[in-house]
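Please build the complex by placing chains Y and L on the supplied structure of chain C, with the hints as guidance.
In case you want the letters, here they are:
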Amino acid sequence: MIEIRWHGRGGQGAKTAAMLLADVAFFTGKYVQAFPEYGPERMGAPVTVYNRIDDKNIRVHSNIYQPDYSVVVDESLLEVVNVTAGLKKTGAVIVNTEKSKEEILPHLHGYEGELYTIDARKISMETLGKYFPNTPMLAAVVKVTKAVDEDTFLKEMEDSFRKKFATKPEVIEGNLKALKAALKEVQ
Amino acid sequence: MAEFKAENINEKSKWNEITPGNQIYEPATSKLFHTGEWSKDKPCFIQEKCTQCLLCTPVCPDSAIPVKDMKRLDFDYDHCKGCGICVKACPFHAITMEGVK
Amino acid sequence: MAKRERLSGNEAASIALRQINPDVFPAFPITPSTEIPEYFSKFVANGQVDTEFIPVESEHSSMSAALGAEAAGARALTATSSCGMALMWEELYVAASDRLPLMLALVNRALSGPININCDHSDSMGARDSGWIQLYAEDNQEVYDNFVMAYRIAEHKDVRLPIMVCQDGFITSHGVQNMELLEDEEVRNFVGEYQPEHYLLNPKEPMAVGPYAVSNYYMESKYGQVQAMKNAKQVAIDVMNEFAKISGRQYGLFEEYRLEDAEYAIVLIGSAAGTAKDAIDRLREEGRKVGLLKIRFFRPFPGEEIAKALSKVKVVGLMDRAESFSGNGGPLCAETMAALHRAGNTAKTVEYMYGLGGRDIKVEDFWHIFDELEEVANGKVVDGYSYIGLRK
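Chains as they are written, first to last, in my numbering: chain C, 1 to 187; chain Y, 1001 to 1101; chain L, 2001 to 2392.
Chain C with its partners taken away, still in its complex shape (with noise of 0.2 Å):
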């Protein structure tokens, strides 16, 4: 089993990208769950939100505390959240930042497995025009992760911003630009 930790602020998609890729895991045929920890729902506040990938039936509906992955879809959350609590060594974490790894190390309390980087507001201004961290997050996490195999992952996201954007086909093309992008430069 994958467990999966997401970290983000109200409003920047964090739950939708944990949905998204319970669903791409779904149509690879595994068992998913995604769920957010509710509090009260306020723009800009820390959320956490969780997925659990798994070959056999999910039945825990606890919390995750010792998660494999920690997503950081807001690099600010570095001073506010542990975004490494109880994170496997094994794991790792990956956090949305422009700055090099040298300088996120510092605020991960020591944490010993594998840091990854990613410029989701690069990627997202470059391939969307406006900043959707979680879009490109999404695909970082599955580069990560290997929660999901690569070309399907891309197949399903295809597929799902179709029906998604059928009104708005021009943000298509973006979207996928956008995923394709970070799936490079996850780093």
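Bear in mind the hints are in silico, worked out from the structure with no lab data behind them. Computed from a predicted structure; not experimentally measured.
With the Cβ distance kept under 7 Å, some of the chain L side facing chain Y (calculated, not the full set):
(1) 2098
(2) 2099
(3) 2206
(4) 2207
(5) 2208
(6) 2213
(7) 2216
(8) 2223
Label pairs and their in silico Cβ distance ranges:
(9) L:2326 with Y:1097: 58 to 64 Å
(10) L:2158 with Y:1032: 24 to 30 Å
(11) C:82 with L:2114: 24 to 30 Å
(12) C:164 with Y:1015: 54 to 60 Å
(13) Y:1032 with L:2188: 40 to 46 Å
(14) L:2180 with C:177: 32 to 38 Å
(15) L:2158 with C:149: 51 to 57 Å
(16) Y:1059 with L:2238: 53 to 59 Å
Beta carbons: idealized from backbone N, C-alpha and C, even for Gly.
Quick look at chains Y and L alone, frame taken from chain C:
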């Protein structure tokens, strides 16, 4: 259902002789209920003074003034609560609240 | 043909309701149940159902409208959570005592205060004595399946009682999970048309609903409700057996998980059962004889059956997700202990309060609980009524 006829249900009925939710499956079951027992006074019908104008009948809240062949009959004391509205309605003083025990 | 899906509990509930196509659905929004009428109103707008959807101004009105519609002869329901249900209080009793088999889609949420939007069972447990059938779910599949079965149980001529179909707020209502849907036709055929024997809009039988009952009738009337609730047990079993034939999923009044040779068992309701099962599997690998009894129907309460299922257990952990301030434990604890006592079962019991206001319960918490149950069997004296995950 025959066993749930209102006429068969009373304060001695067992739990399974009463309808689920005390629902009533017939109209006009109040006929079975002698509200006339609630009254202190009763109106008295003075037939000689009555012109059969029938002004009294529609004002009775308990439909206790029976009419047959366009003529009112004596009061239905099983259902008359003795409110006296009919007394006020009668222009010919053919109804009074005195005289019935 | 079953259809593989991944849905939230609220989506699953709405889809079941679309397939059932009820006649009248009045609703007023409240977190976390809002999505059920929200999704459903889209089905109405799209013409996928014939349902009369009534946006009302309060939950007092939504329950009033639903029971009025049911009395008129319609298949009706409403949805709510927490304080919304509290505002329906008067009508809950009216629906049950008037023997109107409507449905309430209840997404369990803590009652104020402190004001809180997350899951516990204080709303439905407070209404446990209102005369409604109460059906709970562990996961989204069970939520869906319960909705498909609910009207068949409630509307049965030997029952005719309203039914509360409960699920854990956010945990299942907003959590997306794999599940299987039945085909629309299968659900429609299973649930069937509502054919009430007596209803207000029947011109051939003028009738009255909800008359005043003096003392000479009131107790007989209540006893009738009790008998109907007792009848609901067998009707539910029959409906669940029939459902197993179309779905392949067999349910009971409660679920026994690895209980057959268990010496230490816990009893609980709802989504925490899944987490408990994972904990039990791990302990079983170590050779520990532990098991779970997950209550599905809290009304009618399957007391005799539970006592029988626990007859060989040494120590029972009773787990409540609703406080009752008796000082002795919650409602599940009280009723299960009464059932054990009545059956002459002398197993030791320990009460645990957990998950209030959405407090998470983890696999590890269940390990500690089973450790304690074993210690009690070995003579250790424990609190006997403790809060899981409490800071003190």
